[in-house]
Structures are given as structure tokens and as C-alpha cells.
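Residue strings, one per chain:
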Amino acid sequence: MATSATTLEPAPPQEAPRRRRIPRKATTEPLWVRLLLITIAVGFIAGFLLMPLFIIFKESLLKGIRVYYDALENPHAVSAIKLTLLTAAIVVPLNTLFGVAAAWAISRFSFPGKRALVTLIDLPLWVSPIVAGLMFVILFGRQGLLNSLFWSGGKQVFPILFEPAGIVIATLFVTFPFVARILIPLMQAQGSAEEEAALTLGARGWQTFVYITLPKIKWGLFYGIILCNARAIGEFGAVSAVSGHIQGLTNTIPLHIELMYNSSQMEAAFALASILSMLALLTLVLKSFFGWQAERQAKEALESTP
Amino acid sequence: MSDAVSSSIPYRRFGNRTILPGFHLSLGYTLIYVSLLVLIPMAFLVAKVFTEPFAATWAKITSDRAIASYMLSFGASGIAALINGVFGFIIAWVLVRYEFPGRRFADAVVDLPFALPTAVAGISLAVLYGKNGTFGEWVHWAVGPEAWRAGWATANSNIGVTIALTFIGLPFVVRTLQPVLEDLSTDIEEAAACLGATRWQTFWRIIVPAILPAWLTGMTLAFGRAVGEFGSVIFIASGVIGRGEITPLVIYTTLEEGLYSQAAALGAVMLVFSFLILVVVSLLQAWNGRVTGSASV
Chain A
257 MATSATTLEP
267 APPQEAPRRR
277 RIPRKATTEP
287 LWVRLLLITI
297 AVGFIAGFLL
307 MPLFIIFKES
317 LLKGIRVYYD
327 ALENPHAVSA
337 IKLTLLTAAI
347 VVPLNTLFGV
357 AAAWAISRFS
367 FPGKRALVTL
377 IDLPLWVSPI
387 VAGLMFVILF
397 GRQGLLNSLF
407 WSGGKQVFPI
417 LFEPAGIVIA
427 TLFVTFPFVA
437 RILIPLMQAQ
447 GSAEEEAALT
457 LGARGWQTFV
467 YITLPKIKWG
477 LFYGIILCNA
487 RAIGEFGAVS
497 AVSGHIQGLT
507 NTIPLHIELM
517 YNSSQMEAAF
527 ALASILSMLA
537 LLTLVLKSFF
547 GWQAERQAKE
557 ALESTP
Chain B
2 MSDAVSSSIP
12 YRRFGNRTIL
22 PGFHLSLGYT
32 LIYVSLLVLI
42 PMAFLVAKVF
52 TEPFAATWAK
62 ITSDRAIASY
72 MLSFGASGIA
82 ALINGVFGFI
92 IAWVLVRYEF
102 PGRRFADAVV
112 DLPFALPTAV
122 AGISLAVLYG
132 KNGTFGEWVH
142 WAVGPEAWRA
152 GWATANSNIG
162 VTIALTFIGL
172 PFVVRTLQPV
182 LEDLSTDIEE
192 AAACLGATRW
202 QTFWRIIVPA
212 ILPAWLTGMT
222 LAFGRAVGEF
232 GSVIFIASGV
242 IGRGEITPLV
252 IYTTLEEGLY
262 SQAAALGAVM
272 LVFSFLILVV
282 VSLLQAWNGR
292 VTGSASV
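Heads up: the sequence lines are chains A and B, in that order.
Position one of the first sequence corresponds to residue 257 (this note's numbering), numbered consecutively onward.
Position one of the second sequence corresponds to residue 2 (this note's numbering), numbered consecutively onward.
For reference, chain A alone in the conformation it holds in the complex (with noise of 0.2 Å):
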């Protein structure tokens, strides 16, 4: 520290060193408040957090791996798999498409009322679920106001609502922030100078997006689309909403989940929740991954402006 007194004298020869007593840093706590804490945090990620995924693996495990296998070979568990495997695969694509037009058009360009079109993305993640498959129920629904357009003669014109394609438009809906919340921080801190240059220099608008501005935002695209993943696969208030809930029809994992579960089907519920929670724990590792080469990248382009 800069309160030792500074000698020129040789420092005497540490032979047989006297334990020390080391003082402790004006900056932290003492060593037992230190401990505690630790004790503390660590004890409630393991039993809160910890706990409850242990418990999907055990509950699935419990009678034995044929009856594990025997729930996801159940035609009605795999048509559930398939529906949201085609949900996801619709969803994701499309809503990583806004996601970068999005942060395009707000991270490059000043226009008035974005401010307004940025809290408009984000309002989907503070909607609740349910009321967001119940704004699809209402807009698509024989009560709604627009009943003379999607129905006749008591039924759909277009076969949207308790069909798969109304739980595709449901699940755009609470993951489409996703992307573009995740991008727009992310091309804001890199700025604009690289695309400029190759334009100057010739380049073509597509030339210069895919060749400068991808490669830029590659990382923080990936960080996007597995958090998408994640939620499209995952959701289950929006969708229950709108679903038909007919089994080997309109029912995805999480809502064959559900059914499994309210009919005592442990076993099978809980098979089906740790696929799940597979794609959880992978979806973790690679969101720790991407999130921190973005990081990098946000922090390389922030360094390299003056």
C-alpha cells in the first residue's frame, strides 16, 4: 500500500517467516461475512434453483428407462414434438428477419417516434402470456369484432384459432423481441463507420450488409436466436390459449406436458420435461457462450472508436 515506509536499507533475510497476520482490504468484508454469504448464495442457486431441475430428472427416471422411452414414443408425444419442432422452425427464421430489420432500421438511422417503436418491441416481454394468446382468442374468434371476416357459416375461413397456425401466431408474438432487443445495444456500440467505408468504396447495399455488418453482429445474432429457440419451444400460456388442445393435433410438448401431468401420468410428464430440460441446460452453455464473444465484439468496436 502507499502508507509503507520505503526503505533503502536490504530487506533482512526471511529465514523462517513469522506467520503475518495479512490485514484485510479497506475493500471487503471480513472473512466469516465472506463466508456467509457465499454459504448463502450458493446454498439457494443449489436448492432453488439446483433442486427443481434434479427433481425432472428423477421424477422421469423413476420407474425405469422403458417406461422413459415408452413416453416419448407415445404417438401423441411425438405428433406434440413434431408440432413444436414446425413451430419453432416458422417462428424463429421469422422473427430473427424482423429482429435484424429492426435493428437496423433503429441502431443506423434517427427517425421521430422510435422511442415509441422501441417500447412497442419490448411490450411483448411484459405481457402476460395469457393475455397475449387471449388478444389472438379475440381478433380471430367467432365473438370478435371482425367474426364477418374470419368466419362463415360457424366456421373459420382461414383455419387459424385451435389450429396449429393460430399457436405459430401466438408464439411469434411473445418471442419476436427477442433478436432485436439483443441487437439493437449491440450495432448501436459498433456504429456505422466499417459499412460507410465499403460503401464509399463501391460496395453494394447487400454486398456490404452481408459482408461487413453479418460477420459484426454474428455472436449477438446467435445469443438472439437461442433465447427465441428457447421461448418459442418452451411457451405454454399463449399457446394454451389458442390452442384446440387435441391431442396429436394441437398439442405442443409443453401442453401435452400439462395433459400428461392432470392425468397422473408422472412418468410420461416428466419424460417429456426433460427434453426440455436439455435444451435448457444446452441453451444455457451456448447462451453463456455467444453472450460472451458479443460481449467482445461490443467491447472491440467500443475500443476501436476514437
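Accuracy of the hints is not assured; some may be wrong.
Only pairs whose alpha carbons sit at most 27 Å apart, straight line, appear in this in silico DSS-like list of lysine-lysine [to be verified]:
no., chain 1, residue 1, chain 2, residue 2
1, A, 555, A, 314
2, A, 474, A, 370
3, A, 555, A, 474
4, A, 411, B, 132
5, A, 319, B, 132
6, A, 314, A, 338
Below, a sample of chain B positions facing chain A; criterion: calculated Cβ distance under 8 Å [unchecked claim]:
no., residue
7, 19
8, 48
9, 51
10, 99
11, 101
12, 112
13, 124
14, 200
15, 232
16, 265
Note that these hints are calculated values from the structure, not bench results.
Even for Gly, the Cβ is constructed at its ideal location relative to N, Cα and C.
Since the structure of chain A is already known, use the hints to place chain B on it.
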């Protein structure tokens, strides 16, 4: 967070004053997408509510069942946010300030409630805190079967609702506090120590004022998320009408019963609440910007 967006690049007055292409294309696409997916459905929900006479709507949103559900939703979410405020702070502090084996792992696990599908979390919590579950068994043994039946049950009860809402809210507090704690310079703490402050005084007078806006932001986010939460709650809630229903569950059951205007009225209430949360969060973030001296977080 969304506040980063407000700092637009100063030398560019309007969209077309740059050589960058794609302004109309990207903004047009964005606006159409947002309109189709958010504005129009939301407008029709609100329109549906306003096609009914106001008195009828008022009666729907102030019915005994609705009021009881608000009390449970807001009460349990508030308690959950406070619990998360305490434990979220300790976890964020420990992750930022201390070195210990497994720190990175613990850091990654904090996001688990984000990544785990809500229905999966729901059934797992219901089993874990149920009478025969690991934690539920302990509590059942500790309080005795009579107290368990009288309201101390950790599943099929409002305590269970609070547990589930705490589970899903924790990452919001930790992830909001972490960057602020990381940026907190220790110079001021050193100065305080040099001037004779105890560690406790430094904590209350230096650290808490600096992180208070972020702390409140995190708790508001956790609260806002908890009020709308559905999947992780319904399995552990008792669901008794007038006592154990959260508002989203009331909306869901009325929707299933075909009472569309009732569901729409309650949905509109929740929508107004979502906007309120957004407003409060942006105010808190502006305060945070003033306290930490940075325009954007």
C-alpha cells in the same frame, strides 16, 4: 437494456441524411410486422372491451373473483420481488466481488429460470414442494399436518404461488445488479475506509445509494414478470375460486368457459399494468443513468 436506444448518433438528423441504404425497407418491414403482431391484436382487444357499456365492464373487473385474484397476483408477486431483492442482491454481490470454486457455474445457473420452459418448472416445483416432495416433506414434518392444512402448505396453496413467482423472478434482480456492481469503482470505498468509515457504514452510505436504482429496477422487472406469469404457477396454485386464483388463471378459465367479454376486460386491466411496468422501468433507468453517470446501461 432498452435505454441504450435513446442515444442516437448525433450528427445524423434524419434517416435519409446518410449513405447507409435500407432505411425505408427495414423500417417499413419493422412497422408492418409490429402492427400486424402487436398493435392490431391489442387494438381489437381494447375495442372489444369498449363495445360493452362501461358499467358492465366495470362490474366485470371489480367482481369479487377478480379482486381476489388481483390481491393474490399482486401480493404474491410483491412478496416474491422482495425475497428476490434480498437473495438476488446477495447472489449478485458474491458473484461480482468474491472468488470461489464454482463461481462461473453458479453464474450460468442463475439464468435457469429464463431457459427452463414455464410448464416444466411448474410441474417440477409442484412435485418438489408437494406433500411427498423433498422440500414439501420437510415443511410438512416441521409444521405438522394441521398447520399444513390450515395454510402452511407449500404446494396447492398461496405460499406455493409465491415460491413459483420467486423462482421465475430471481434472474431479473441478479442480472440487473451485476453490471452496476461491476462498474462500481472501489476508489470511493477506499476513501471512505481511509476517512474512518466502518465497512457497514460504507455499505449503507456509499454502495447502496449507488446501486439503488438498479436494485429497484430489478425488483420491478421481477414483479412485472411475476404478475403475468402463468405456466409455472398453475400447477402449484390451489386454483380455488376466490382464494387461490391468480389473475391470468381467471382469464384463462373464463376464456375456456366462453365468457369472452369477461376475459377481455380482465386482459385489458393486465395490459394497462404491463404499460405501467414499462413506464416505471424506464423512469428507474433514467434515474440509474444519473446515479451511475452513464447515459446508457
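Results for each hint:
| no. | hint | verdict |
| --- | --- | --- |
| 1 | A/555 <-> A/314 | violated, 42 Å |
| 2 | A/474 <-> A/370 | holds, 24 Å |
| 3 | A/555 <-> A/474 | holds, 14 Å |
| 4 | A/411 <-> B/132 | violated, 46 Å |
| 5 | A/319 <-> B/132 | holds, 20 Å |
| 6 | A/314 <-> A/338 | holds, 25 Å |
| 7 | 19 | holds, 7 Å |
| 8 | 48 | holds, 6 Å |
| 9 | 51 | violated, 10 Å |
| 10 | 99 | holds, 6 Å |
| 11 | 101 | holds, 5 Å |
| 12 | 112 | holds, 6 Å |
| 13 | 124 | holds, 5 Å |
| 14 | 200 | holds, 6 Å |
| 15 | 232 | holds, 4 Å |
| 16 | 265 | holds, 6 Å |
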